[in-house]
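A.B. asks: So the sequence shown is residues 265 to 494, counted in this note's numbering.
Don't take each hint at face value.
Said to hold, decoys possible - Cross-link-like lysine to aspartate or glutamate pairs, in silico, EDC-like; alpha carbons within 20 Å at most:
# : residue 1 : residue 2
1 : Lys330    : Glu312
2 : Lys450    : Asp317
3 : Lys352    : Glu478
4 : Lys343    : Asp373
5 : Lys404    : Glu478
6 : Lys343    : Asp377
Claimed, not checked - If you anchor each label on the Cβ, the simulated ranges turn out as follows:
#  : residue 1 : residue 2 : range
7  : Asn445    : Glu285    : 36 to 44 Å
8  : Tyr427    : Glu285    : 35 to 43 Å
9  : Val368    : Tyr466    : 18 to 26 Å
10 : Pro326    : Glu285    : 29 to 37 Å
11 : Asp373    : Val424    : 23 to 31 Å
Honestly, the hints are just simulated from the structure, not real lab data. What you are looking at is a predicted structure, and each value in this text was computed from that prediction instead of being measured. The beta-carbon is built from N, C-alpha and C at its ideal position, and this holds for glycine as well.
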Amino acid sequence: MLNLSKWRISFRSPCDSPVIEEQEYRRLAEDALQKAVSIIESDGWHKEKVDGDDIIYSKVVPAYGKVFKFEGFLPISPKKVIDELYFKGEEMHKWNPTVKKVRVIQKIDDHMDIAHVIATEGASGLVSSRDFVNLRVWKKEDSAYVHGSVATTHPDVPVVAKYVRGEQGPCAYVLTPANENGQKCKLKWLLNTNLKGWIPQYLIDQAMSAVMLEYVQSLRRHSTSPKASA
265 MLNLSKWRIS FRSPCDSPVI EEQEYRRLAE DALQKAVSII ESDGWHKEKV DGDDIIYSKV
325 VPAYGKVFKF EGFLPISPKK VIDELYFKGE EMHKWNPTVK KVRVIQKIDD HMDIAHVIAT
385 EGASGLVSSR DFVNLRVWKK EDSAYVHGSV ATTHPDVPVV AKYVRGEQGP CAYVLTPANE
445 NGQKCKLKWL LNTNLKGWIP QYLIDQAMSA VMLEYVQSLR RHSTSPKASA
């Protein structure tokens with residue numbers, strides 16, 4: 265199990281960032297990151313779906329309800345995954361069919377920002393498009409990386425009638441090298457999302473499993489394409 269004490273977040277504050285607000289974001293990010301990794305490494309997971317070497321698990325966590333975990337491998341380094349998901353997040357819609365748009369609303373520092381994410385419809389259109397406002401963070405420890413996120417609010421992104429505002433509980437991607445040269449990695453991904461609205465659980469299960477598989481498969485294709493390597 266990962267040593268959660270190592271994943272403490274230590275950022276230097278930009279001079280123009282309100283100290284109290286930034287401290288609250290840091291506290292929220294650290295708490296969410298540790299909770300997410302703890303859930304990932306906990307027992308009691310049940311297989312939800314298997315697709316080749318990719319496995320999706322689920323379990324009920326009292327504080328959040330049903331959550332989902334993906335385990336599988338990616339043909340790229342942990343650092344490259346962080347580059348694609350965090351630093352190039354605003355380009356994600358170009359390769360990820362589960363995402364319509366990602367916009368960074370506020371950069372806090374090199375390790376933390378706030379992003380507005382608009383997801384596509386799910387379950388063959390039965391689950392309408394959702395939007396999310398997420399506090400995002402990433403951290404490196406030795407050769408491993410973790411990228412976490414959790415719901416927050418921001419005055420620049422009020423709720424609008426066009427989308428149902430979903431809410432993320434603590435989520436995380438844990439990335440560890442899977443070979444000696446570090447150009448392949450093991451991915452453990454916790455998806456902890458409240459889609460809001462009146463949606464039957466079987467549709468949520470269907471939508472979440474499909475989103476996770478499509479997301480990872482799209483990342484594999486993109487990361488090994490000539491454009492991604494350029």
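A.B. asks: Between Lys343 and Asp377, is the straight-line Cα distance small enough, at 20 Å or below?
C.D. replies: holds, 18 Å
A.B. asks: Take a look at whether the Cβ-Cβ distance between Tyr427 and Glu285 falls inside 35 to 43 Å.
C.D. replies: Since the Cβ atoms of Tyr427 and Glu285 sit about 25 Å apart, the hinted range of 35 to 43 Å is violated.
A.B. asks: Decide if the proposed pair is consistent with the structure: Lys352 and Glu478, CA atoms, cutoff 20 Å inclusive.
C.D. replies: Given pair Lys352, Glu478 holds - Cα atoms ~19 Å apart, limit 20 Å.
A.B. asks: Is Lys404 close enough to Glu478, meaning Cα to Cα at most 20 Å?
C.D. replies: Measuring from Cα to Cα gives roughly 26 Å; hence the hint is violated.
A.B. asks: So the hint says 29 to 37 Å: do the beta-carbon atoms of Pro326 and Glu285 match that?
C.D. replies: With a Cβ separation near 30 Å, Pro326 and Glu285 satisfy 29 to 37 Å, so the hint holds.
A.B. asks: Is the straight-line distance between the alpha-carbon of Lys450 and that of Asp317 20 Å or less?
C.D. replies: holds, 11 Å
A.B. asks: Checking one constraint from the list: CA of Lys343 to CA of Asp373, max 20 Å. Satisfied?
C.D. replies: At roughly 18 Å apart (the allowed maximum being 20 Å), Asp373 and Lys343 satisfy the hint.
A.B. asks: Holds or violated: the 18 to 26 Å window for the beta-carbon distance between Val368 and Tyr466?
C.D. replies: violated, 35 Å
A.B. asks: If I claimed the Cβ atoms of Asn445 and Glu285 lie 36 to 44 Å apart, would that claim hold in this structure?
C.D. replies: The hinted range 36 to 44 Å holds for Asn445 and Glu285, with Cβ atoms some 42 Å apart.
A.B. asks: For the pair we were handed, Lys330 and Glu312, check the Cα-Cα distance against 20 Å.
C.D. replies: Cα-Cα ~11 Å, so holds.
A.B. asks: Could you say whether the range 23 to 31 Å given as a hint is met by the Cβ separation of Asp373 and Val424?
C.D. replies: Since Asp373 and Val424 have Cβ atoms about 29 Å apart, the given range 23 to 31 Å holds.
Violated hints for the displayed structure, listed by number in ascending order: 5, 8 and 9.
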